[in-house]
Every structure is written in C-alpha cells, then in structure tokens.
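Visitor: Protein chains in written order, with this note's numbering: chain A, 1 to 280; chain B, 1 to 280; chain C, 1 to 280.
Derived by calculation from the structure, the hints in this document are not laboratory data.
Each hint should be verified, as a subset may be incorrect.
You can't tell identical chains apart in this list, so a pair holds if it fits in one copy or across any two.
[To be verified] With a straight-line cut-off of 30 Å between C-alpha atoms, the simulated DSS-like cross-links for lysine-lysine are:
# : residue 1 : residue 2
1 : K132      : K47
2 : K132      : K50
3 : K47       : K29
4 : K151      : K47
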Amino acid sequence: TELTNGLKEAIKALTAFNYGTVSTRADGKTVRDYEMIAMDTEVEIAKGIKFPGWSYNGTIPGPTIRCTEGDIVRVRFWNGSTHPHSIHFHGIHSPKMDGLEPVASGEEFIYEFEAKPAGMHVYHCHIPPLAKHIHKGLYGNFIIDPKIPRKPAHELNMVMNGYDLDLDGANEVYTVNGYAFAFQAYPIEVKVGELVRVYLSNLTEFDLINSFHLHANIFKYYEVGADPDARPIVTDTIMQCQGQRGILEIVFPEPGKYMFHAHQSEFAELGWMGFFEAKA
Amino acid sequence: TELTNGLKEAIKALTAFNYGTVSTRADGKTVRDYEMIAMDTEVEIAKGIKFPGWSYNGTIPGPTIRCTEGDIVRVRFWNGSTHPHSIHFHGIHSPKMDGLEPVASGEEFIYEFEAKPAGMHVYHCHIPPLAKHIHKGLYGNFIIDPKIPRKPAHELNMVMNGYDLDLDGANEVYTVNGYAFAFQAYPIEVKVGELVRVYLSNLTEFDLINSFHLHANIFKYYEVGADPDARPIVTDTIMQCQGQRGILEIVFPEPGKYMFHAHQSEFAELGWMGFFEAKA
Amino acid sequence: TELTNGLKEAIKALTAFNYGTVSTRADGKTVRDYEMIAMDTEVEIAKGIKFPGWSYNGTIPGPTIRCTEGDIVRVRFWNGSTHPHSIHFHGIHSPKMDGLEPVASGEEFIYEFEAKPAGMHVYHCHIPPLAKHIHKGLYGNFIIDPKIPRKPAHELNMVMNGYDLDLDGANEVYTVNGYAFAFQAYPIEVKVGELVRVYLSNLTEFDLINSFHLHANIFKYYEVGADPDARPIVTDTIMQCQGQRGILEIVFPEPGKYMFHAHQSEFAELGWMGFFEAKA
Ligand SMILES: [Cu+2]
Ligand SMILES: [Cu+2]
Ligand SMILES: [Cu+2]
Ligand SMILES: [Cu+2]
Ligand SMILES: [Cu+2]
Ligand SMILES: [Cu+2]
Ligand code: NA
Ligand code: NA
Ligand code: NA
Ligand code: NA
Ligand code: NA
Ligand code: NA
Ligand SMILES: [Zn+2]
Ligand SMILES: [Zn+2]
Ligand SMILES: [Zn+2]
Ligand SMILES: [Zn+2]
Ligand SMILES: [Zn+2]
Ligand SMILES: [Zn+2]
Ligand SMILES: [Zn+2]
Ligand SMILES: [Zn+2]
Ligand SMILES: [Zn+2]
C-alpha cells in the first residue's frame, strides 16, 4: 500500500502527543500553551477518497492535547475558517470556558483552565448545527495524566470516527485516526510482553455507538480513567457512544498479527479495521 | 420564553415525588397508596407542538412513584382511556403483579407488593403493541429509597424520552421530562458545592440508546443503585438503553451555567438539552 | 404450541454444552477434541418460517463449546458448505488460530489452543463479507470454566440473534437461541431459590445493540466473567453490542412465570421474548 498523506497522518496521530509550550507561572504552576486553528481542510480519508472537512490544525482528528493534572492549559484558538467554531473540552473547568460561545471567522479566543480530572477526555466544536460541526471533523483526544504517572507503557492514541460522503446523515467510511484501513496496511508494531496503553475515544456522528474489539487477546478497560482505584473491565470488546472514551491496557503474549476492529461488521468492512503486529 | 403548561409540567417533574398516602399495617409495615389513571391526553411537548399521548395521571412522563425499601406499595390503577393498559414496574415483586395482564377500558386493578430492591427503577405500560404503548407516554420513574437513607442532597428526577410525530417509527422530538429544551429556557438552579443527585432513566422508544452528558464537570454514576457497595463510574457521559436507569451525583465547583444534553447531536438539537445554573 | 424442530433445537441449545472428546496429553494436559462442520442449512426460525442459513453442525446458533481454563481445545473444522468459512474464537490464543484464514469449500483446518481466560466467550465465522457470514448463522457461545469451578447452579446457554428475511440489511425476526418466542411457548423451568446462571451473548447483526430484561426480579451481571474479583452489576436490564457477552446469576424468590425479553420493544415483539417458570 502506498504511504499516502492521509495514511501518514493516521500513523502520526498514534503517537503524536501535543504537550504545548511549557512555562512556569509566578505561583509555580506549569502552564502549557497550545495553538489551535480551525480551518476548512480537504483531507484524504482512504486511498483516493477526499473529504471536504473542517479541521483543527489541518488534520482529522485534531491534535491530541496532553498535559498533567493541575497544569494550566491555555489554548489560543484562532478561527481561520469561513464558519463560526469553538472548542468544547470535556473535563472540569469554568463553564465560561466550555466552548458554547461561537468564535467568528477570523477571530480568536483563549481557553484557559486548570487541567482536571486526570483521565482520558475529548474535545470538539460545539457550534450548531452540532451534528455538522462534529461530523465535519472538529474533534480530538485530550489526555490529562495523573500527577503520579501511570506505569510506563507503549502509548497509543486512537479516535474512532466516520464520514458521511453523500450527506444523507449516515456514514459510508469508518476509521480509527481518520484513514480507512490505515493499520491494515501498516500494522502497529508492539513488543511481546510490553504494556500497551491505548487512549481510545468515539467521535463518530450519526451512529449511536461504536466499538473496539481485539483478536486473540484480552485487555483491561478503564472508562475515562478518572478514578485511580477503579477496577477495570477485562474483555476483548467494548462499546462507546459519542463522547465516551477510555483507556485500554494490553499485553501481547506472543509474536503475530492481532487484528482489531469495530464489532459492528459494517463499520469494520468500511474501514474501521487494523492490526497490531507483536514482535519478540 | 413563555412558561407554557408543558414547560411547567417538565419543571414540576424535576422535584415532584409522589410518596402516596401513608398508613401502617397491623404488622407495622408502612403502606403507601397511590392512584394511577391511564388516560388519553394531549400534551404540549414543545412551544406550540401538541402530542396526542396516553398518560398516567395526565402528564408524560407520569408521576415519580417514591417509597422506601420494605414499604408496601399499593397502586390503584384505573384505566380511564379507550385502550387496555397496565403498569409494569421494574424491581422485585410477584410475577402476578408485573403488569402483563391488560386492564380493560373502565376497569381497575390494584398492584400491591413490597418495595425492593432499593434503587432507581422505572414503570411503564406492558400491553402490546408495546412500542406504541410505551411511545405514547405511559412511563415514569420509580424510586425505592434504601432503609438507611442516602446522603442528603438536592434531588432531581429526569426521564429521557422521544416523540414520533409523523408515525414513521422514528422520533422527531427528544426531551428530558417531556418538554423540548425545557431547561434551556429555565435552567435548573443548584448551589455551588451542594450534592446534586439525579434519578435518570431512559424510556425513549425507537432509538436503541440515549445518553446524558454534562459540561465543564464530572459526576459519579451508580447504575440502578441497588448495590450499596458498588463503585460508581466517574465520567461526564453515560448511555442507557430503554429501561436502564441510574443515579448521578454531581457537585458544581463554581457558579455558572452548565449545559447538559444527550451526546447524540440529533437528540440534543431536537430538544434533549438543558442547563444547570449553579449559584454561590 | 406445536413442538416443531426449530423450537426443539432452541430448547436443546439451553442446556447442550459440548465438552468435546476428552483425552490426556503426554504432559498431563486435558485435550478436548471438537468436530465443527460448516454447512448450508435451512433452519426453522419461527412457526412456518424457514431461513436459508449457514450453520456450524446444522443449528443456529452453533454448538456451545465448553471446556476448562488450561485445557487444550482442538477443533477440527471441516467446511462442508459452498462458500469459504472459518471459526474465529474470542479469548486468548495464537493469532495464527484466530480464524482470519479462509477454509475453502471441502477443506479442513484444525484450530488448537490452550483455553484462556476463564469466562464467557463467543465464536463466529470471520470471512468477508463479515456481515453476511455472521448474519447467515455462523456463531455460537464458547464457555471456559475457571479451574476452581463457579458455584453449582442451574446453567443455561443463550445467544441473542436476528434474521434479515428480505435482505434489506435489517432484521425482521429476533430470537434467543434461534427460534422466535421459543420460551413463550415453552417456559424455562427453574426452581424457586436455586441459583440460575445464564451464559448470554449478542450475535445480532445489523442492529447496534441488543439487550436482556427480566421481569419482577433482578440479577447479578458479570461482563465476560474473566475477572474473578469483579463486582457484578445488580440490575434487571443489560445491553450488549455484537460480540459482547456475560454471565447472569438469578435467584427466583417465588413461584410464577417471569418474562424476559429485549428491552427494545421491536425486538421483543418480533420474537425475542420468553418466560422462566419458577416452581416451588
Ligand atoms: Cu472478531
Ligand atoms: Cu462532547
Ligand atoms: Cu458537549
Ligand atoms: Cu421495562
Ligand atoms: Cu418490561
Ligand atoms: Cu467477534
Ligand atoms: Na452517507
Ligand atoms: Na453506515
Ligand atoms: Na417520526
Ligand atoms: Na430521530
Ligand atoms: Na430485512
Ligand atoms: Na428490525
Ligand atoms: Zn464548528
Ligand atoms: Zn475480527
Ligand atoms: Zn475476536
Ligand atoms: Zn398501554
Ligand atoms: Zn454540549
Ligand atoms: Zn462536554
Ligand atoms: Zn463464513
Ligand atoms: Zn416486559
Ligand atoms: Zn420488567
């Protein structure tokens, strides 16, 4: 398979964590500054298929915003597109910072809040019509690490989404990280025995749920991951409605190619399918 | 926004708990008597939109039946409508009291059982065609308080539902407590720092799930709430299929308007959206 | 109701656990040999309704494969049908044994792996088009008992499924164990006070979820059942997306007929409905 631009972006999204530009405030708090730009962006969502999307920073999903609980998150949002947009972060913050207010074309707004609670969150545009603003591509993952870091792991970022190409309110293409069958063509390399941690969210519009199924193995699932004493679910199949998200911890016991996909056959066959390749 | 009758009922449903008429049985048990009447009722489900519903006691959702574990619940059900109906309660009781038996137009039946288990339940009509009898509006919440009361809280009752206006088997209007955008027009007032407890159920017909998402905050979610030692999920988004229900515990950390809505964009934009307004 | 062949098979599937042919390997491991044959099979799915299915061993769902954690499971799969097929087991095994490889018409393949983890799993064909190969009927339950057995119980096997009769990608008939209203006609007999354990899975194609609701009672739900220390959910209604499964533990407190069904009205009314009959 040709390593097209869309495919490159999907692979990059797996491990590209945007920690912002770090500084320290007078009170000792860590401040993280991020730049987010909404833009009209044609993205490649499968070999030869372009989607007339709206994006944060040029990709669908947008950048994975990452920080540590207690950090000051400061997101300078500039609307470089032709429609009003915003950024709605999940998690705790002042309701003034919740992205309900539209930021007009050419305008900017700075979202600022202390990051909490530790866990796996998401962000997305919150301007009506909401189905359109989300479906067009304005979403991404938002990870708040606990102050006491999670165990070291091979960490991966995944966003489940869909694309409605003919505007009938139903998706024809489903992906993880924006590109159909990305990790079928380029399996995700992991090491046998290492801890693999997946930050997974569902931003699929139109369909009521999406899901993640792993072959030949099981994983621990922490919904949101905000409760440090929560007991994970041990399974190989979880479902999420839009806006739900969680943390998967997986150990691959032997070498080989482990398929993963939605356990809705339709979604899997329309692109939401890939492989982990475990090497000794 | 004009405080129409439908809107008034939605607001009232938030805090109207029907504890019945209380008496004590010879054996010392508390008996609670409730009157429930099925009727054909045109209800206002949004500004200027009427729905030709079937209701218990004139409202959709019906009254919130509330009692304490171990109480004798005695519901005198009179069918004042033109179709056979019944009341099916969730929870434990004799299968003779489960509402499978139709109560003919003009007839009555007394449902009597000891309330258990403590937790958040629902009731609805169980006469076929079931999709029609539920969709028309014959449902409500049924709360059984534990003998050792839950912590004091500002308690709220919410039922998620939908309305199919053109009889195509799909909903065009979605609400919480029966009236579209009720709590957008009239935000639910809460106090900063107080414990807010929401008894939430999904009685939406036709759609496979519904969901509750809170802005700028998180909550603890107890599914059903029948296990006193259950560890809640800490999240801002939960989903329920029809008949599922649970208890949310929320504390608002600072003043402001906190949006809540289904995280299905369609449902939110068709009416299932509101605000908590937290005041210092 | 006439005890037709389809109905007989649904009843049989409740308690038919296939433990295979047992032998002991040189290293002392228990080996269980199973024979699975894919075939084109017309099955009766409701009184007078035939479905042109694909089956394992002649029934939809296929046999319930059962073993104990640590056993060597050896499944000789022969494809006696006119299409390529496979068996994909959930659970842990070598990815070489995951059923991605098609087994051609007239060919055979032996799936061999050590059974783990203990819990409730499923199997199904994994040949594209996946929606078709699953929907046609190639699926069943796969139970791995823990080495320390679960508490003795009256054990029952249930698979939720659906049938698309007019090939429009939507189901017209829903069942548990393959036959519409099977356990309405023939209620499942249980004893008051005994522990009833249900191994329940969802293999319904096309619909995003399915669910199980019990009348007049509650149950404990263990998702997958792979975590021996997991705290069950106490409820009367659970949902599963395709591929999800779990273990229900129920005690019926008094004699009577306890209805159970999907809490999607449509599914219940199209066949996914039955009764437990508890006897003193
Ligand atoms: Cu699979
Ligand atoms: Cu959201
Ligand atoms: Cu939101
Ligand atoms: Cu119900
Ligand atoms: Cu019911
Ligand atoms: Cu599967
Ligand atoms: Na479409
Ligand atoms: Na689709
Ligand atoms: Na409609
Ligand atoms: Na709708
Ligand atoms: Na069909
Ligand atoms: Na259907
Ligand atoms: Zn937008
Ligand atoms: Zn698969
Ligand atoms: Zn699998
Ligand atoms: Zn009715
Ligand atoms: Zn929102
Ligand atoms: Zn939010
Ligand atoms: Zn097949
Ligand atoms: Zn029922
Ligand atoms: Zn019930």
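Visitor: Now tell me, hint by hint, if it's right for this structure.
Guide: Results of checking the hints against the structure:
{"no.": "1", "hint": "K132 x K47", "result": "both (24 Å within a copy, 25 Å between copies)"}
{"no.": "2", "hint": "K132 x K50", "result": "both (17 Å within a copy, 28 Å between copies)"}
{"no.": "3", "hint": "K47 x K29", "result": "neither (45 Å within a copy, 49 Å between copies)"}
{"no.": "4", "hint": "K151 x K47", "result": "neither (37 Å within a copy, 53 Å between copies)"}
This entry does not satisfy hints 3, 4, going by the numbered hints stated previously.
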